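Novice: If you're matching them up, the sequences are chains C and Y in order.
The numbering used here puts the first residue of the first sequence at 189, with every later residue one more than the last.
The numbering used here puts the first residue of the second sequence at 189, with every later residue one more than the last.
Nothing false has been slipped in among the hints.
The calculated SDA-like cross-link candidates involving lysine to any residue, where the alpha carbons are at most 25 Å apart (straight line), are:
{"id": "1", "chain 1": "C", "residue 1": "K202", "chain 2": "C", "residue 2": "R398"}
{"id": "2", "chain 1": "C", "residue 1": "K274", "chain 2": "Y", "residue 2": "A239"}
{"id": "3", "chain 1": "Y", "residue 1": "K274", "chain 2": "Y", "residue 2": "E313"}
{"id": "4", "chain 1": "Y", "residue 1": "K274", "chain 2": "C", "residue 2": "E250"}
{"id": "5", "chain 1": "C", "residue 1": "K204", "chain 2": "C", "residue 2": "M258"}
{"id": "6", "chain 1": "Y", "residue 1": "K225", "chain 2": "Y", "residue 2": "R349"}
{"id": "7", "chain 1": "Y", "residue 1": "K274", "chain 2": "C", "residue 2": "A331"}
{"id": "8", "chain 1": "C", "residue 1": "K274", "chain 2": "C", "residue 2": "A240"}
{"id": "9", "chain 1": "Y", "residue 1": "K202", "chain 2": "Y", "residue 2": "N335"}
{"id": "10", "chain 1": "Y", "residue 1": "K274", "chain 2": "C", "residue 2": "L327"}
{"id": "11", "chain 1": "C", "residue 1": "K274", "chain 2": "Y", "residue 2": "I394"}
{"id": "12", "chain 1": "C", "residue 1": "K202", "chain 2": "Y", "residue 2": "Q260"}
Hints were generated in silico from the structure; no laboratory data involved.
Please read all numbers here as calculations on a predicted model, not as lab measurements.
2 protein chains.
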Amino acid sequence: MPRIHYQQQLAQLKDKLLAMAALAEQTMDCALDGYLKSDEVLLHHVLENEAAINAAERSMDEMAYELMAMEQPTAIDLRFLLAVIKINGDLERIGDLSVNIAERARELVRLAAAELPVNMHQMGELTERMIRFAIQALLQGDAEMANSVLAMDDEVDRINRENHQSMVRMMQEHPQWTEQALNTIIISRNLERIADHATNIAEDVIFWIRGADVRHQLSLESL
Amino acid sequence: MPRIHYQQQLAQLKDKLLAMAALAEQTMDCALDGYLKSDEVLLHHVLENEAAINAAERSMDEMAYELMAMEQPTAIDLRFLLAVIKINGDLERIGDLSVNIAERARELVRLAAAELPVNMHQMGELTERMIRFAIQALLQGDAEMANSVLAMDDEVDRINRENHQSMVRMMQEHPQWTEQALNTIIISRNLERIADHATNIAEDVIFWIRGADVRHQLSLESL
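Whenever a hint applies, use it, and build me the whole structure from the sequences.
Specialist: As structure tokens, then:
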């Protein structure tokens, strides 16, 4: 009877994690879209989402803690719960960084329009895919999918470097656009940080699956 | 007999956490000192420390995991172990951000010297104190000390804003110093992020102590 309750709670925790990941992804999307379209309504929406993400983090931590304390989880469940707690922290940081993007984008709306040649659209799409793949890898226990996230991060880093160099040139050639270019550099860096957190999630998934594998093999050997 | 072993391992984990916190603090110190003195030897040292921090993070996670799996920890120990795992992640990020500072400081050494009026020294000292206080609060279970960290963060944020504004003015007035000022802005932002992580640690300590308190009260009430 309590075991069934435990399994139900574990399933509930997975649902919550999925909902939180969707919220983090949507918040990032909102910030980026708000920046690309100079849409203040979207940018304001980011702040509302962040409060929800922060509340969800604490509630997931509590739930994971209750599950650990309730009765001794299996080794594999325990490893999964620890991965959830770490991933939870990464999702919360993605919310924070999205707020930073929104704040910079609001500054840009306030400043005179400037022509700033950066590639933020592709960078945003890649980063979004990284978050989605990392969470899917967790839920499906798919190490290969988690590995593909690590490769995408290199591409995001490359685009960020290009954006940075392009904006430095812009500031040197058009000092009157310094603030606009600087805000754009910071937005690009924040996106790159979000991609780093997706990478962290993928690494935690690999760590969890590998641990589960090792344990699985041990229990087979002991048969 | 196994209970004694468990207590020994718990004590060992605390020692490891203390060592890792000292390493993170020292790495930040090294990056900042290297920046303030344009000392490339110090800046190179930061990269070596970072590898050690990354290895320590994985090893601490494994140890916390083993402790949870070995035998059912008490509710308070479990909450402590979860706090350690979260704090562990924050310390690792402090290492990462210190590397970012060192990279930017190396760029500055390469560029022509420029007169850049920023207040990085005080900001660095405050941030260091925040890390130290947060870890001490954890080890002593001192919520008041953890709270004092949160207040210091406001001051770090204020200095960061001042640095930012000062460097934007510099870029506008001296476009030839754009890269120098930009690197300085990024160093200041990274320091501010390190202070954020110290704040996260303090919040986790409060979360842990509060949880322990609630549990303590419950057990008193049930007497």
